[in-house]
Every structure is written in C-alpha cells, then in structure tokens.
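Here is how the chains run, residue by residue.
Protein chains: 2
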Amino acid sequence: MSAVTSTRIVLASRPDGEPTTDNFRTETIELPELSDGQVLLRTVYLSLDPYMRGRMSAAESYADPVEVGDVMVGATVSQVLESRSPQVAAGSYVLAYSGWQTRAVVDDNTVRVLDPSAAPLSTALGVLGMPGFTAYSGLLKIGRPQPGETVVVAAASGPVGSAVGQIAKIYGARAVGIAGGPDKCAFVQGELGFDAAIDHRAPDFAEQLRAAVPDGIDVYFENVGGSVTAAVLPLLNLYARIPVCGLVSQYNAATAPEGPDRLPGFMGLVLTKSLTVRGFIQSEFVREMYEDFERDASRWIAEGRLKYREDVVHGLDNAPPAFLGMLRGKNFGKLVVRVGPEE
Amino acid sequence: MSAVTSTRIVLASRPDGEPTTDNFRTETIELPELSDGQVLLRTVYLSLDPYMRGRMSAAESYADPVEVGDVMVGATVSQVLESRSPQVAAGSYVLAYSGWQTRAVVDDNTVRVLDPSAAPLSTALGVLGMPGFTAYSGLLKIGRPQPGETVVVAAASGPVGSAVGQIAKIYGARAVGIAGGPDKCAFVQGELGFDAAIDHRAPDFAEQLRAAVPDGIDVYFENVGGSVTAAVLPLLNLYARIPVCGLVSQYNAATAPEGPDRLPGFMGLVLTKSLTVRGFIQSEFVREMYEDFERDASRWIAEGRLKYREDVVHGLDNAPPAFLGMLRGKNFGKLVVRVGPEE
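Residue numbers (our numbering), protein chains in the order written: chain G, 1 to 343; chain L, 1 to 343.
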C-alpha cells in the first residue's frame, strides 16, 4: 500500500527583520505508519497568529523556536482520517497543534475532540480558542476592569482585541478600541459595540485617543507596542494595569531602535503612577480559568454579547502571504487558512 | 510676649538636573499662636530620603511638588514643647511630617506619639518607619519571595535595601545586595548577612552579578534604576517580580538619555519572561499591612535578625549638602539630621 503524504510549509531560513515568502518552503513528505495511540489528521483550518513570528527567530523566548527545515507550528482544526486511539474516533473533528500542513500523524493526547454542533469549527481557533482565552484571562486576571473604568486595546478588530473590549463592556467598563483604518474602526464601534474606536493611522491619532478617554486609562491591554503604546502612556491613571500579551509592531525589529532611550521615562511612569505591567502567555492560566472561559464565552456568544469576525484565506499555499500581511495589519478579523473542506 | 521662631530651609529655586546648595535657602520665621488641636514641635531628627528630589521638581508625580519659597518637606522625630491637644502631651516625642525646620506648629492629627523606651527615637524614621515599611510591603506584597528564590536589591546598605535583603532571608530566599564600594559591600555581606554583595563600581560588575545569581533572579527590588537595572534585566527568571519603589540614579536627569531606545526590548522581556513590574508607594499598603510590619519588624530587631545602620549628620545647616551627597550615594546607612538634642 502506498504511504500517505502531507504537503507542508517549513521554515526555509530565519528572517533578518521583516520576513518574506523566501523564508518559507513547501515540500511533500511521506507520513509514518500509525502506532498505537496515534491518529492521522486531515487539516481543515489552520490558525495564523502573531506569536508565530517569534518562533521563526532563534532568540530566547517563552517557547522553543521552529528549527530551520521543520514544519511551521500552529493550531489546527482537523478531521481524524484514521485512528489507533480508543479516545478519538475516526471521522471526528479535533483541535490539534499540527502546524502548517495538510495531514499529520500525532499522539492522541495532543488533540481535543470538538463538538461540531456546538459552534462553528473555526471558532476553536479564535473566539472560543487561544485568542479568546488570551483576552479573557489577561483582562480578568491582570487587567481586573472595574465598573466605570476605561479599558483601551489595540488591534481591536482582531481576535484578541475584539474580545478584550467586549468582555470589558460585559464587566461594566468603558471600552476604547484602536484599529487600522476607517472600516475596522466602524466595525469595532458599530458592530462590536465599543464606546469609541480610534484609527492609529490618523495624523492626530494621539489627540483623538486623548479625547476618547476623558477619565484617563485604567487598563491598557498591550498587544501591539510601538506608537500606540507611546500615545497610551501619558494617559494612564494611577494604579493602571497593563497586561502584555503581544508586541506585534516590534516583532520584526532586528535591533533596538534609535534613541532617545525611553526606558528611564517609562520606569519613572511605573513609579509615579504605581503601574502594574505584567507579561503573560495564556497557558499560564489554563488550569485556573479555562473551564470558566468556555462556559462564559459560549454563553456570551449565544446572548450576542461576544461577537467575532473571521478572515478566511483559502489554500495552504496562501498561508505565507496571509501571515506576512497579518504582521502588517492587513487581516480584518481572526485570520484562518481553510486548508481543506469541512466535510 | 515675643513670638516663637523657626529656622527653616526652603526651596529657593527648582533644580535643572542635579540640584546644588543654591536651590536651598535658610530663613527664620515667626510661628503662629497655637489654636485648639495644635501642638508646637521642636525637631530632634529630620529624615532625608531620595523621594525629596522628586518634590523639588514641578513634574507630575504621586505627590504635589514643594512650591518655590516653601519649606522642604520631610518626616521628623520631634518633641512637643507646647500642646493644645488632649491627645498629645507636652514633653512627648512624636513622628511628624514637619519638614526641614527647627520648630513647627502642626495639627495633632498629623503626628503619632512615639514610645522612647521601645526603640531609639531615630528608628521611627528608618527601620521602624517609612523606609522599613517600604521594604516590608513592597517585598512581601509585590515581590512575594519564595524559599530558595533569589532576591536582588541595590543600595543594599541603605535603609530600604538593607531591610529588603534581611526580610528576604527571613522568608527563606537568597539575598544578593548591590552597593557602592568595598566598605558598604563588606557591611552588607558581613554585618547584614546577605549571601553576596556586589560593588556596582567594579569594572566587571555585570559579570560579578551574574556569578552571584547562578539560579537567576526571581525578585529584583528596584530602587536605583540606571546601570544596575541594565545588568539585572538579562538575569531575570520566568515570572520574576520587580517592585519599583525608587529610581534614585535617574532623578536628576533633565531629559531622556541618548539611545538606543531600550523600551521595546524591555517590553519584549516583560512578555517573554512573563514579568511583573509594579510601581508602588508604601502609603498604598499602610491600612493593610502597617500593624503587621510594626509587630514583625520590632520582633526581628529584638531577635537580631533585622539590623540597621544610621548615618547621622549634625545641624540643620548640613541638611542640604547631606541630601545632595545622598543622591550621589555618599551616605552609609539611613541618613538623618540631628537638628536638636534628644532631651
């Protein structure tokens, strides 16, 4: 019998600054035979997320880098084609971490079976998955918004930012979103119900932001860095909290930017405003909060209080350009690649 | 009857960068008659602390600046010369916030009566006062050292740093102190019992620090900033905590230093190491922790587990040069000015 193959995208070389499509290479490999406890997966949806930029570099981070020549990592919704696991039936759909490829053989303890009738399959990669939980855990555990407080988040039409603002509203806070361009801002304010949405590309962005937060900022959910952060800092209130879950604007920087050195001024602000700045990865809070998240988020979606938008790209070949576009803010909503049909 | 006078040191002008004695002026004023509920104080000890540098500038901070022409603020141990308060008897000693002057008329609700038999009077300004409580509250509430963890603190022979390291030891952590010069380092390691003391003036300071923390740094109690912080950052462990109570090395900086801009790199570290950076002023924790502090610190002092050193300057005239010297690290121990005799 002929072996099962997988077409996959591997890291061809490490980027120096902004990555290009040359950093990726497509290849086809033969998959090994299944061992006991393993399943053969067919990828339906591949999630593309900013953290993957970090995995392309060799620099020390919270996770090991992808080795040159290895398949790019990533969460997927996949269908089980063949199973040698008593826990996972052939035909079922699972959340896996099987990466940028069309098929994969993985151990059954690395997948979680999904209920396709409970929610659209792709939401397991977005509002009901890692991005949604990043928003939920970081906002509630670190940001701790109080009724009447002001919460600011950037990339507000994206999967994390959109959930941050809506959950802040659910907890009685005022939500101000920052997004790139008038269409995204209209969506954030009109569809998602944020109290205000500011276009960071506007020449008077900093002034618009100041006007949108008349009582200052109590929680700044940091997922972009750069010029947005610079505009936020002077507006922070005493005891403001800054959960730091990402810095997408600076992931491509190969060296420290030119001066002046803003670190002393930042530390001075931390001191005089009694700020809390806390980096986190959602995995830290899984044990403590994931069940609560699934219960709350499912209910909020059913009640229409937690909306989401997906940006679906078709075909694994389009994963590299879509990923590169996301790093420049070109996606509009949670970016997923539809690698194969749902059925 | 002739009015009572006070000789006092006022802010003559705001410093531009490093302050000089020209920023201060001595004058003598007549004090007002006592009203009901007021007491007339004679200053015995005046506390000199780094935060006073902030009050000399007009920049926004957690406290209002001293106005030009106003008396410099500061905590004192004073004796009550005359009282129109039922709560505070003439002759008693009090902790007051009466500033850089020989006498003062203050409301009785701004003073706290001290027991001169319980501890040396001057300790109310140091190990049993604001600096000691800064160490206690910031370390225990934000730093949360666990047994076996490594705590690093600078200005380790000073009133805050010396308490931080000793309390860390009491809680089972490893304490590494940073101080300026071999005498201070010998005191920190030999007298205070830190596990190691590193001279930040040594040309190989960063290498010495690295060697002194083989398991990395779990808590960095930030009270100096500058080059010490730069050496600490690469050594921080995952989930490290940084209570920020002061930045004495940068208080005199009039503008942001030249680049490169280290803020993006710092935020990247916050993210990849899941750091907690938290500015604080001890007053935030008074209600919650001050009673515990007084009980614990008194017991630790009695048991010989919490030692302290004072650097006593004689005469109010010497307050300005002593203060300026402190900003350059010239004091050795808690700096107090003996303004008048204890009896």
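Hints are supplied without guarantee of correctness; some may be wrong.
As the list claims (entries may be wrong) - Quick look at which bits of chain L chain G covers, simulated, 3 or more residues with Cβ under 8 Å: (1) 27 to 33; (2) 222 to 230; (3) 240 to 250; (4) 275 to 282.
Unchecked claim - Think about it this way: if two alpha-carbon atoms lie no more than 25 Å apart in a straight line, the pair counts; the simulated DSS-like pairs of lysine-lysine are: (5) G/Lys-169 <-> G/Lys-307; (6) L/Lys-273 <-> L/Lys-141; (7) G/Lys-141 <-> L/Lys-169; (8) L/Lys-169 <-> L/Lys-307; (9) L/Lys-273 <-> G/Lys-273; (10) L/Lys-330 <-> L/Lys-307; (11) G/Lys-307 <-> G/Lys-273; (12) G/Lys-141 <-> G/Lys-330; (13) G/Lys-141 <-> L/Lys-307; (14) L/Lys-141 <-> G/Lys-273; (15) L/Lys-307 <-> L/Lys-273; (16) L/Lys-141 <-> L/Lys-307.
If you're looking for bench data, these hints aren't it; they were derived computationally from the structure. The beta carbon of each residue, even a glycine, is placed where N, CA and C say it ideally should be.
Against the structure, the hints:
| no. | hint | result |
| --- | --- | --- |
| 1 | 27 to 33 | violated (count 0) |
| 2 | 222 to 230 | holds (count 4) |
| 3 | 240 to 250 | holds (count 5) |
| 4 | 275 to 282 | holds (count 7) |
| 5 | G/Lys-169 <-> G/Lys-307 | 12 Å, holds |
| 6 | L/Lys-273 <-> L/Lys-141 | 20 Å, holds |
| 7 | G/Lys-141 <-> L/Lys-169 | 30 Å, violated |
| 8 | L/Lys-169 <-> L/Lys-307 | 12 Å, holds |
| 9 | L/Lys-273 <-> G/Lys-273 | 23 Å, holds |
| 10 | L/Lys-330 <-> L/Lys-307 | 20 Å, holds |
| 11 | G/Lys-307 <-> G/Lys-273 | 34 Å, violated |
| 12 | G/Lys-141 <-> G/Lys-330 | 30 Å, violated |
| 13 | G/Lys-141 <-> L/Lys-307 | 38 Å, violated |
| 14 | L/Lys-141 <-> G/Lys-273 | 17 Å, holds |
| 15 | L/Lys-307 <-> L/Lys-273 | 34 Å, violated |
| 16 | L/Lys-141 <-> L/Lys-307 | 21 Å, holds |
Violated hints, in rising order: 1, 7, 11, 12, 13 and 15; the structure is consistent with all others.
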